[in-house]
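**Student:** Sequence:
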Amino acid sequence: MPPFSLLYVCGDDVNRDLVRRRLDRRGLTLADERPVDACLIDHNHLPFGMSPEEVVPLLMTFTGRPRCLHGYNIPPRLVRWCRRHGVRLHRRRLTGRALPRLFAATTPFPLTA
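Numbering of the sequence shown is given in the working numbering, commencing with residue 13 and proceeding in unit increments.
These are computed hints drawn from the structure, not numbers from a lab. All residues carry an ideal CB built from backbone N, CA and C; glycine is no exception. There could be a bad hint or two in this list.
Stated by the list, open to error - Quick list of the computed label-pair ranges, beta carbon to beta carbon:
id: 1; residue 1: P64; residue 2: G39; range: 31 to 39 angstroms
id: 2; residue 1: G39; residue 2: R92; range: 33 to 41 angstroms
id: 3; residue 1: E45; residue 2: E65; range: 30 to 38 angstroms
Could you build all of it, start to finish, from the sequences and the hints given here?
**Tutor:** Have a look at this one:
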């Protein structure tokens, strides 16, 4: 299997740890910088200094690669933009089971064991 790396843009250590453990179990990499194969953004817990206005430009840099956005209160305008541009959405609590579903249809690299 080719290497697979995910950039997780998140300021929440609990969610980062959940994603890191899920990827580690499958031999996949949680990367802190680019280049990477996919991007996941936590809209509710953006890193310190990152504004919500920076989400769309960041997602656009990943065109052609799997892109996912998760959060409870994603603004309707951003939801519409994501749907038009092929960005997967998860608007519930991020769990270990949610991660494979987010990427299942968008990447050839298995996130499920």
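**Student:** Hint by hint, say whether it matches the structure.
**Tutor:** These are the hints, each one checked on the structure:
no. : hint                             : result
1   : P64 with G39: 31 to 39 angstroms : holds (33 angstroms)
2   : G39 with R92: 33 to 41 angstroms : holds (36 angstroms)
3   : E45 with E65: 30 to 38 angstroms : violated (21 angstroms)
The structure fails to meet hint 3 from the earlier list, while all remaining hints are met.
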